[in-house]
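Trainee: Protein chains in written order, with my numbering: chain P, 1 to 372; chain H, 1 to 372.
Rather than coming from a laboratory, the hints here were simulated on the basis of the structure. One thing to keep in mind: the hints can contain errors.
Since the list can't tell identical chains apart, any single copy or any two copies may satisfy a pair.
Pairs of lysine to any residue residues, derived as SDA-like cross-links and limited to a Cα-Cα distance of at most 20 Å, are as follows [unchecked claim]:
no., residue 1, residue 2
1, Lys42, Gly277
2, Lys360, Asp157
3, Lys223, Asp109
4, Lys285, Thr250
5, Lys123, Lys178
6, Lys123, Gly202
7, Lys42, Tyr307
8, Lys42, Arg275
The model shown is predicted, which means the values in this text are computed figures rather than measured ones.
2 protein chains.
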Amino acid sequence: MFTFSLTKTGTGTAGRLCRIATSHGPVSTPVFMPVGTQATVKTLSPADLEDIGAEIILANTYHLFLRPGHGLIREFGGLHRFMGWDRPVLTDSGGFQVFSLAELRKVTDEGVTFQSPLDGGAKHVITPELAVEIQEALGADIIMAFDECIPYPATKDYARESMDRTHRWAARCRQAKKDTGQALFGIVQGGMYTDLRERSAGTLVDIGFDGYAIGGLSVGETKPLMYEMIEATVPHLPADRPRYLMGVGTPEDLMEGVDRGIDMFDCVMPTRNARNGTFFTSFGKLVIRNSRYERDRDPIDPACRCYTCRTFSRAYLRHLFNAGEVLALRLGTIHNLSFYVGLMRDIRLSIAEDRFPEFKRAFLAKREATET
Amino acid sequence: MFTFSLTKTGTGTAGRLCRIATSHGPVSTPVFMPVGTQATVKTLSPADLEDIGAEIILANTYHLFLRPGHGLIREFGGLHRFMGWDRPVLTDSGGFQVFSLAELRKVTDEGVTFQSPLDGGAKHVITPELAVEIQEALGADIIMAFDECIPYPATKDYARESMDRTHRWAARCRQAKKDTGQALFGIVQGGMYTDLRERSAGTLVDIGFDGYAIGGLSVGETKPLMYEMIEATVPHLPADRPRYLMGVGTPEDLMEGVDRGIDMFDCVMPTRNARNGTFFTSFGKLVIRNSRYERDRDPIDPACRCYTCRTFSRAYLRHLFNAGEVLALRLGTIHNLSFYVGLMRDIRLSIAEDRFPEFKRAFLAKREATET
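Please build the complete structure, drawing on both the sequences and the hints.
Mentor: Shown next, in the form of structure tokens:
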């Protein structure tokens, strides 16, 4: 089951409020999806994620295919049951990870051959059909078409050739997909070329998907270039389908993405930064190992109501990081994800109350003024 | 504030039920104290510990003296506030850790000089007076006299000489202690010599402490020898003071210790084993990485009601350990500590109901039959 309904069109912005319904419950967009690569959002239990208010998480097909294997997860009734998370899940197609294995892969029109970095270099082939089959076994509510994610910079010829292959793969994914009740999203590619992006959106819409993602961004390009690609794509996507900007990004990126009509985001930034001791706050980033926090009694962010900020001082968190204590990683992750989830809640409220442009302006101004 | 009252003397056992009252709440004994070395029970938040039902935890003076420093913790109002734990805390004296630094230390009657492994080998001296001062700054409800913990085996001459020094240090700790409302426990030493143990107990009782610990056991000796040392000591300790067996041990050790009149235990075994994927269960140990659990849908222990066992399969936990996921460490720790805390609760109930001997017999028989 998958339905998408537009609740409200924003005022003075392309940002909008929508509601996704899945058999594992609803998702209100714009939404940020925490990344749970190996069937766990690193350091957190499902109960932690519910406390934080996460409505949907992402898991990585590539990693779960290699370990523990999609067959095992299917036997357990799918990812939700396997990991004890009963809210919606989205799986990526594995494309992004496979293409990151620069040295280990070979791309043909059929699919991608690669050596696993895990099992002593065993050879695997992922085709569009297999990517769909794996994701059907994993049982996510939303699954993604298999795509090629190209490096930046790339020549226009290479970007076009790769994009055309991604389109052929998208059609094969659409064809291969069984009637599982899962939603299938297509992925717009086209490098940093606005005309390719436009053509990619049009081609995918012609094939017809339940939602559309924008892939291949946040790969090293400048922010203005990223925003330009989003602007070149969104107008060519149907208003009655969700739009998902993959692998993005900073709080500022989320704000700019929403403003340009994006409904869904995912990124490892809040979770990975948390484990490095870098926290997102209402006044910019905070690096907890900084000696200025040695005797600081304040919580990470006095404006935050997460478990970490309700309970612990910066000094204690700094001590945990310096002492290499595992608890530090979880407490930091709880805070950073609470910040992201809270930001999306605030964004939704500001759209609902027709004041998103002011909200965005104030948010960016405050961070510019205090970012250290 | 510290009071100790005997609630019930066991039937057919030296085991007994007692109640400790502190300004951070009560403790029912026999009790197991999870080890929170660096002001955190590794991987767990205070909320986790409360869920598990831990009534008191232990923290290590040596580690906290070196990092973040007892001065800082005093500024924060003590360990309880610093780490967000408002139930009782016991701190050890640092002796055990300092004496583990075999290469780095020099012992004189004054105290111990050692090089810190942390701050580039800075030299520190810990005297009995300083050990008390540090523990007063940390603010634990129960603090320990500074003692020398000798290796095993040790000659009787060495054991006697060291024990006599420990007695002189104990008297100095007693003398140095301010009127802070903290309880001060003395530590019985004497190696593996019953006459020394008896003499040590007598000497410490003459000095007079709020409670008595048995130190220097579980250092490599056989189980029968350990039990012999406990039996040589307990009869010489006053019935109206708590008896604490330091650094012990396995579930079987707890059972045998209680049976011999021990009220308090601490050990890194449940927490350290959990992080290695070795779990304690009602049917013996379970090594989660074993391939037999690859597709196992059962919880770690079907008889356990902890969060981990209520929520996750062995197969999922095995996957988390194999994938190196941090969540595995916490979920395993929640289970192992729940097992230890639950075991002590069952032991107390069996003493209350005058059936400890049968309970012990059945527990040991079951584990012998199923231990793998």
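Trainee: Each hint needs a verdict: does it hold in this structure or not?
Mentor: Hint check results:
1. Lys42 to Gly277: The answer is both: 14 Å in one copy and 18 Å across copies each meet 20 Å.
2. Lys360 to Asp157: neither (38 Å within a copy, 77 Å between copies)
3. Lys223 to Asp109: Neither. Shortest intra-copy (32 Å) and inter-copy (67 Å) distances fail the 20 Å Cα cut-off.
4. Lys285 to Thr250: within (11 Å within a copy, 45 Å between copies)
5. Lys123 to Lys178: neither (27 Å within a copy, 69 Å between copies)
6. Lys123 to Gly202: Cα proximity of Lys123 and Gly202: none, with 35 Å in one copy and 71 Å across.
7. Lys42 to Tyr307: Answer is both; intra-copy 17 Å and inter-copy 18 Å each pass.
8. Lys42 to Arg275: Intra 9 Å, inter 16 Å, cutoff 20 Å: intra and inter.
When the structure is compared with the earlier hints, violations turn up for hints 2, 3, 5 and 6 and for no others.
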